[in-house]
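Heads up: the protein sequence lines correspond to chains W and S, in order.
If you read the first sequence in our numbering, its first letter stands for residue 1, the second for the next number, and so on.
If you read the second sequence in our numbering, its first letter stands for residue 1, the second for the next number, and so on.
Be a bit skeptical, because a hint or two may be false.
[Unchecked claim] Part of the chain S face toward chain W, derived, beta carbon under 8 Å:
hint	residue
1	Asp155
2	Val158
3	His185
4	Leu192
5	Leu194
[Stated by the list, open to error] Only some residues are given here: those of chain W computed to face chain S with a beta carbon under 10 Å:
hint	residue
6	Ser55
7	Val58
8	Lys66
9	Ser128
10	Thr160
11	Glu163
12	Leu175
13	Ala188
[Said to hold, decoys possible] Computed Cβ-Cβ distance ranges for the label pairs, DEER-style:
hint	chain 1	residue 1	chain 2	residue 2	range
14	S	Glu124	W	Lys66	20 to 26 Å
15	S	Gly154	W	Leu26	50 to 56 Å
16	S	Lys64	W	Glu83	41 to 47 Å
17	W	Asp41	S	Val52	42 to 48 Å
18	W	Ser61	S	Lys64	21 to 27 Å
19	W	Glu38	S	Val52	43 to 49 Å
20	W	Asp29	S	Gly154	46 to 52 Å
21	W	Gly39	S	Lys64	17 to 23 Å
Rather than coming from a laboratory, the hints here were simulated on the basis of the structure.
Where a beta carbon is used, it is the ideal one built from N, C-alpha and C, also for glycine.
2 protein chains.
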Amino acid sequence: MSSAASIRSVSIQERRERERAERRRLIIDAARELAEAEGWDAVTTRRLAERVEYSQPVLYSHFKGKDAIVRAVAVQGFADMTERMRAARTAHRSPVRALRALAVAYLDFAAERPALYDAMFVREVDLSFGTAESPPELRAAFGEFVAVVEPLAGDDDVETRIEVFWSALHGQATLDHGRRLRPTHRRARLDLLLSRFS
Amino acid sequence: MSSAASIRSVSIQERRERERAERRRLIIDAARELAEAEGWDAVTTRRLAERVEYSQPVLYSHFKGKDAIVRAVAVQGFADMTERMRAARTAHRSPVRALRALAVAYLDFAAERPALYDAMFVREVDLSFGTAESPPELRAAFGEFVAVVEPLAGDDDVETRIEVFWSALHGQATLDHGRRLRPTHRRARLDLLLSRFS
DNA sequence: CTCTTGTACCTAGCACTGCTAGCACCTGGA
DNA sequence: TCCAGGTGCTAGCAGTGCTAGGTACAAGAG
Numbered sequence: 001m002s003s004a005a006s007i008r009s010v011s012i013q014e015r016r017e018r019e020r021a022e023r024r025r026l027i028i029d030a031a032r033e034l035a036e037a038e039g040w041d042a043v044t045t046r047r048l049a050e051r052v053e054y055s056q057p058v059l060y061s062h063f064k065g066k067d068a069i070v071r072a073v074a075v076q077g078f079a080d081m082t083e084r085m086r087a088a089r090t091a092h093r094s095p096v097r098a099l100r101a102l103a104v105a106y107l108d109f110a111a112e113r114p115a116l117y118d119a120m121f122v123r124e125v126d127l128s129f130g131t132a133e134s135p136p137e138l139r140a141a142f143g144e145f146v147a148v149v150e151p152l153a154g155d156d157d158v159e160t161r162i163e164v165f166w167s168a169l170h171g172q173a174t175l176d177h178g179r180r181l182r183p184t185h186r187r188a189r190l191d192l193l194l195s196r197f198s
Numbered sequence: 001m002s003s004a005a006s007i008r009s010v011s012i013q014e015r016r017e018r019e020r021a022e023r024r025r026l027i028i029d030a031a032r033e034l035a036e037a038e039g040w041d042a043v044t045t046r047r048l049a050e051r052v053e054y055s056q057p058v059l060y061s062h063f064k065g066k067d068a069i070v071r072a073v074a075v076q077g078f079a080d081m082t083e084r085m086r087a088a089r090t091a092h093r094s095p096v097r098a099l100r101a102l103a104v105a106y107l108d109f110a111a112e113r114p115a116l117y118d119a120m121f122v123r124e125v126d127l128s129f130g131t132a133e134s135p136p137e138l139r140a141a142f143g144e145f146v147a148v149v150e151p152l153a154g155d156d157d158v159e160t161r162i163e164v165f166w167s168a169l170h171g172q173a174t175l176d177h178g179r180r181l182r183p184t185h186r187r188a189r190l191d192l193l194l195s196r197f198s
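Take the sequences, apply the hints, and build the full model.
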């Protein structure tokens, strides 16, 4: 019965891998939720372990360290953000409206989920971006910007224009969150920016 | 000789206060230098105390906590940055050239002193900005933006335009430092931005 | 010049952090 | 039924920000 045994081995191994993947996801979600509820300072390995109802060292069998957990949260965040930008963009046929919709989606995402946005764009440094080794989630997010900026680029270099427009949105998102801009004028700032890039 | 004694007391007290102020400055400078050399993670109270050749608790007789030290570094950074922007701006009579000079000065400052820039704009949250209680250093920095944006504002609300322009610069500075933009295209990004705000 | 008062400063320690070594137990296979 | 292997735990390390306690020196009074 060695063949039957080996088949059972394989299925058991598969189940274990599935359970591992689930637990990995559980850790990522718990870290994100904790960060969104109390900020990243509250995300300690002890509190996180308590939340997923495992002991501390279990985290290290899934991730190299705390930074890797934050990075995993960020990558998941890129997937969420891309989906949102995509939905906003494809809801409009006019390039100008599509650009506005994407910008609104971007700023709303940053405002509604500041901890997640921080993990994606402020905290982490070693998430390589423009290179070929970038995670697909990051490349997809960039693709949304390409889709919406390219039709309006005119004579400008598309990638430069994307970088400038994205930087402008990022600046508004972060400075606004840091309470360095007037909260009453979010709409006015966005309108002014869009008037320069449409 | 009580009057002579009291006079001496006063001068002694003045000397002590002077020494205290000097030491306070010493701590701020040491914190900034350490951060610029090895990053803010390396700025621990122990290393900082060792650097100024005092014991750890001395720091707490000058500052409420580590955050207060970072904040003091940031405030000093605003003074430095304002001076630099002012020199760049006043070197040109044409409003368009003045705007460009200020933008270049801003981005150069951020690129050359990223740790200081972080303390000023990324790390600290409780440095109130637009309000009347803002430290004068912050208000002065904002004033430089007013001086350079106002002549070109046209029909736009000046303050909105400042916020948008400043945010765009801030976004380029931080994303560039995080290696999320192409280092080869700094000039192109700045040119494109200026073409929209001149 | 001596004594007392105040204060400036340091040593030691607390509760916490990220991370790891080593052991116990339990599950799967013969 | 017994063995092997891996899973997950307890305990501990070095380092963090911050504070309580005591010591020793300097300043003023007699």
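Against the structure, the hints:
1. Asp155: violated (11 Å)
2. Val158: violated (11 Å)
3. His185: holds (6 Å)
4. Leu192: holds (5 Å)
5. Leu194: violated (10 Å)
6. Ser55: violated (27 Å)
7. Val58: Given a least distance of 26 Å, the restraint on Val58 (chain W) is violated.
8. Lys66: The hint is violated - Lys66 (chain W) has no Cβ within 10 Å of chain S, the shortest such distance being about 13 Å.
9. Ser128: Where the cut-off is 10 Å and the nearest Cβ of chain S is about 7 Å from Ser128 (chain W), the hint holds.
10. Thr160: holds (5 Å)
11. Glu163: holds (5 Å)
12. Leu175: holds (5 Å)
13. Ala188: holds (5 Å)
14. S:Glu124 to W:Lys66: 20 to 26 Å: holds (23 Å)
15. S:Gly154 to W:Leu26: 50 to 56 Å: Because 54 Å falls inside the window, the suggested range holds.
16. S:Lys64 to W:Glu83: 41 to 47 Å: 44 Å Cβ-Cβ, so the 41 to 47 Å window holds.
17. W:Asp41 to S:Val52: 42 to 48 Å: Between Asp41 (chain W) and Val52 (chain S), where Cβ atoms are some 27 Å apart, the hint is violated.
18. W:Ser61 to S:Lys64: 21 to 27 Å: violated (40 Å)
19. W:Glu38 to S:Val52: 43 to 49 Å: violated (34 Å)
20. W:Asp29 to S:Gly154: 46 to 52 Å: Between Asp29 (chain W) and Gly154 (chain S), where Cβ atoms are some 49 Å apart, the hint holds.
21. W:Gly39 to S:Lys64: 17 to 23 Å: holds (20 Å)
The structure does not agree with the numbered hints 1, 2, 5, 6, 7, 8, 17, 18, 19 stated previously, though it agrees with the rest.
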